[in-house]
Amino acid sequence: MFTRLTVLARWILLVVLVVPVVAGLIGVVFPALGYFPVLGATTFSFDVFKQLNSVDGLGRMVWLSLFTGLGATLLSIAGAFFLLAASYQTKAFRYLQGLLSPLLALPHAATAIALLFVISPSGIIARLFTASGEGVMVSAGMSKWSFAFPYDELGLSVLFALTLKELPFVVLMAMSVMSQPQLSHKFKSYLAIGASCGYTPIASFMKLVLPLVYRQIRLPLLAVVVFATSNVEIPLILGPNNPSTLSVAVFYWFNHIDLSLRLLGSAAAILQVGVSCLALLTFIFVEKIVSKVASSQRIQGTRTFFDFFIITKAAGIVGLYVVLCGLVVYSVIMHSVAQYWVFPALYPSGLTLLHWQTVLGGMLPPIVNTLLLGVAVSVSSVIIVLLALESELLKPTKSTMTLVLSLALFLPLLVPGVAFLYGLVWLQQIVLASATWFHTFIAHLVYVLPYVFMALAVAYRKFDNRYAMVAQSLGKTPWQVFTHVKLPLLTSPILVAWALGASISFSQYLPTLLASGGTLPTITTEAVASASGNSSRVTAVYLIIQALLPLVAFIIAWWAPTLLVNRKRGENGVLSSVSKESEVLNGK
Amino acid sequence: MANNHHRLLLDKITINRHDKALLSINASVEKGHILSVMGASGSGKSTLLHAISGQLASPFTLLGNIVIDGKTMNNVPAYRRKVGYMFQDALLFDHMTVEGNIAFGLPPKKYTTKSARERAILGMLEAVDLSGLQKRAVSSLSGGQQARVSLLRTLASEPKVVLLDEPFSKLDTALREHIRTWTFATLKEQGVAALLVTHDADDAAAAKGDIIELTPC
Chain A
1 MFTRLTVLAR
11 WILLVVLVVP
21 VVAGLIGVVF
31 PALGYFPVLG
41 ATTFSFDVFK
51 QLNSVDGLGR
61 MVWLSLFTGL
71 GATLLSIAGA
81 FFLLAASYQT
91 KAFRYLQGLL
101 SPLLALPHAA
111 TAIALLFVIS
121 PSGIIARLFT
131 ASGEGVMVSA
141 GMSKWSFAFP
151 YDELGLSVLF
161 ALTLKELPFV
171 VLMAMSVMSQ
181 PQLSHKFKSY
191 LAIGASCGYT
201 PIASFMKLVL
211 PLVYRQIRLP
221 LLAVVVFATS
231 NVEIPLILGP
241 NNPSTLSVAV
251 FYWFNHIDLS
261 LRLLGSAAAI
271 LQVGVSCLAL
281 LTFIFVEKIV
291 SKVASSQRIQ
301 GTRTFFDFFI
311 ITKAAGIVGL
321 YVVLCGLVVY
331 SVIMHSVAQY
341 WVFPALYPSG
351 LTLLHWQTVL
361 GGMLPPIVNT
371 LLLGVAVSVS
381 SVIIVLLALE
391 SELLKPTKST
401 MTLVLSLALF
411 LPLLVPGVAF
421 LYGLVWLQQI
431 VLASATWFHT
441 FIAHLVYVLP
451 YVFMALAVAY
461 RKFDNRYAMV
471 AQSLGKTPWQ
481 VFTHVKLPLL
491 TSPILVAWAL
501 GASISFSQYL
511 PTLLASGGTL
521 PTITTEAVAS
531 ASGNSSRVTA
541 VYLIIQALLP
551 LVAFIIAWWA
561 PTLLVNRKRG
571 ENGVLSSVSK
581 ESEVLNGK
Chain E
1001 MANNHHRLLL
1011 DKITINRHDK
1021 ALLSINASVE
1031 KGHILSVMGA
1041 SGSGKSTLLH
1051 AISGQLASPF
1061 TLLGNIVIDG
1071 KTMNNVPAYR
1081 RKVGYMFQDA
1091 LLFDHMTVEG
1101 NIAFGLPPKK
1111 YTTKSARERA
1121 ILGMLEAVDL
1131 SGLQKRAVSS
1141 LSGGQQARVS
1151 LLRTLASEPK
1161 VVLLDEPFSK
1171 LDTALREHIR
1181 TWTFATLKEQ
1191 GVAALLVTHD
1201 ADDAAAAKGD
1211 IIELTPC
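Chains A and E are the protein sequences, given in the same order. In terms of my numbering, the first sequence opens at residue 1 and continues consecutively. In terms of my numbering, the second sequence opens at residue 1001 and continues consecutively.
Keep in mind the hints are simulated off the structure, nothing from the lab. Any given hint might turn out to be false.
[Claimed, not checked] Among the chain E residues that face chain A by a calculated CB cut under 8 Å, a handful are:
#  : residue
1  : Q1055
2  : L1056
3  : H1095
4  : F1104
5  : P1108
6  : A1120
7  : L1122
8  : W1182
9  : F1184
10 : A1201
[As the list claims (entries may be wrong)] Below, a list of computed lysine-lysine pairs in the DSSO-like style, where the Cα atoms sit at most 27 Å apart:
#  : chain 1 : residue 1 : chain 2 : residue 2
11 : A       : K462      : A       : K476
12 : E       : K1160     : A       : K292
13 : A       : K188      : E       : K1135
[What the hints assert, rightly or not] Derived coverage of chain A by chain E (criterion: at least 3 residues anywhere in the stretch with Cβ under 8 Å from a Cβ of chain E; other residues may be distant):
#  : region
14 : 161-173
15 : 300-310
Small disclaimer: the values here were computed from a predicted structure and weren't measured. Don't be surprised by glycine CBs; every beta carbon is placed ideally from N, CA and C.
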């Protein structure tokens, strides 16, 4: 019975990952080919693509998407590797994790809005330069700086924001690979051998550890390429407008009051898939070249590897993050309580809680929506994933099924959201027009499931199955083993995966906006809307709440196990020994 | 280099764990000689090797001096000590071929061209009956072949001292004696000073050098 349930969960996982994406793609292919009955378009043709081709600045849009997306991916990977190389096996390694983890939980939209506070014409940097008299004063009291960023034509602000946001992801993915006990032991010996052959620690890391780590994080990196080339909220908030990136153009066309532009949007969405594919191919080409150079460089015997360059760059990156975080925290908190803050003053002329009252007064529905969705989506994801992982043990699958599942996990991450979400919405409106919550729930699930799965799979597959065997030999059913042995021992990773799932759900912009048709405002959709409005003080309040929500989820995930363990210890001795084991398993 | 120096001198060494002494040793090893250090597990054999190679980490601290060719090494980073290290496992790098693994050890200044490196590696492989294997993936080698490639890699880096951390304990009995004889002969021939830690009396006897028994402090 329980076994059947787990197999069912495996199928649910597969269906939720694959069906919305495929259906969504079909839902944009038809309109793109001119078939959209609602608008009276019922003949298939390539006319829409011809129309798209004649759009002014289309080439520029494609270029902007490729340039910002690929540039940010390559920069963030290089930066991440510099940080890892410079800090591996030093104390800084752990601090790095502490510094970057909160940035990973910060929604993309929040990152872009936060940057707005720093680099916009009235932002803190412009204030600092102007106030210190170093800025070149021009008319209307603005410094030269303020004309360049954000919204710069080249897309540099977008590239910068994407890089800042993806770098922690790359570092933390690599760290989670390196912390696997088997690998970390191997790497330690590799470094010892490297040192005994006379290689500096950085050269040893780059030549011996990195190639093996890279293999394991390659798929997530490809997902980063797709994400960065097709992301909407960052170029929407920071990017150039005339023309914008392709993803933002798709977004505008779909949301345009003139419904006939949806056809154009669909064709552009298909083009977006092509652009992301082109980005992937370019990335793989760069990979090939780097790998060729690296493997011949590796055996040349050079005992150093740009050590000074890497250390200084790593220090620079850490410095940049620290300075930016400091500036953001200062200016956002000050804005949220500022009465008036004239340019170029470095602090507001008076303090007030008015903006907090304004926002909190009107914000109850968005907060409730955010939390309800986040909790529902993350809890369902954790349950589905746990059961699906358990099914791997209870009813092992053929290797083809395993392969299909692992590809399916990356499907929503490898197909640009801006491409399939619109098609999905179109289909959802046909099938169940009024089930707004359900549609939004599914759209979130598509993005949350892969990450929850990746987070839990490591811990679950590491679990020493002899515990389960012992329990079964004592006459316990698989269900009893699952609930009484596995779940208690895996409490900590389960909670962390839950918090990750919740924070990803909190951060969703496009899926929320589209699937709900704008009827379910969440903190993230409100924050983005507010960023394009005119009160930066209200935006600051939204931003703070946006940053706090995922942190609260992670704090719960870290604290709850300790609380549970303490309570159990109080109850009786047998359970407390289990709790101790669970601590050992969780590596405390 | 003056001849009156020992190749490796462990000058009144004590290793502390936290603030408690773990082991003490006072010894020297000359070129072409092998010093065997014996002790039960937990006696700190591997920790001693970490100290000599420069990989000692907290909670361990070192008192006394580690001297190679008259030069005190205590504050020299691991990668400048010219101390080779052999573990229980061959630990060949998976992402390189046999040739790549050995080339990794070769000093770049001595072999500046690709063909010079290839020739040197070919010669080394021939000397140990492994010719023809240079392009093979390391995972396709047998245990004995891996052990030999591992030693070649260490020797390729031209170390002054080689540390052996129970390097034969994972080989099966038949192979073990053969690899051991070959390893010791090769080390002596190359004129390096070697320090072997083991709990196997046969290993120590086969090394035909001084034997020190580590006793818990």
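Each hint tested on the structure:
1. With its C-beta approaching chain A no nearer than about 6 Å, Q1055/E sits inside the 8 Å limit, and its interface hint holds.
2. Annotation: interface hint on L1056/E violated; nearest CB of chain A at approximately 12 Å, more than 8 Å.
3. About 5 Å separates the beta-carbon of H1095/E from the nearest beta-carbon of chain A, less than 8 Å, and the hint is met.
4. Hint on F1104/E holds. Least Cβ distance to chain A is approximately 6 Å, under the 8 Å limit.
5. Residue-level restraint check for P1108/E holds (minimum Cβ-Cβ distance to chain A is 4 Å; threshold 8 Å).
6. With 8 Å as the threshold, the beta carbon of A1120/E stays out of range of chain A, its nearest partner Cβ sitting at about 11 Å, so the hint is violated.
7. Annotation: L1122/E was flagged as interfacial toward chain A, and the flag is violated, the nearest CB pair being 14 Å apart, outside 8 Å.
8. At a threshold of 8 Å, the smallest CB-CB gap from W1182/E to chain A is about 20 Å, leaving the interface hint violated.
9. The beta carbon of F1184/E is not positioned within 8 Å of any beta carbon in chain A (closest approach about 19 Å), and the interface hint is therefore violated.
10. A least Cβ separation of about 26 Å between A1201/E and chain A goes past the 8 Å threshold, and the interface hint is therefore violated.
11. Taken as a hint, the K462/A and K476/A pair is honoured in the structure, with Cα atoms around 22 Å apart against an allowance of 27 Å.
12. Using a Cα cut-off of 27 Å, the hinted pair K1160/E and K292/A is violated, with the two alpha carbons roughly 33 Å apart.
13. Of the pairs offered as hints, the one joining K188/A and K1135/E holds, with about 26 Å between alpha carbons and a cut-off of 27 Å not exceeded.
14. Only residues whose C-beta sits within less than 8 Å of a C-beta in chain E count toward coverage, and the region 161-173 of chain A has 0 of them, not enough to reach three; the restraint is violated.
15. For the region 300-310 of chain A, the proposed coverage by chain E is satisfied: 4 residues have a C-beta within less than 8 Å of a C-beta in that chain, meeting the threshold of three.
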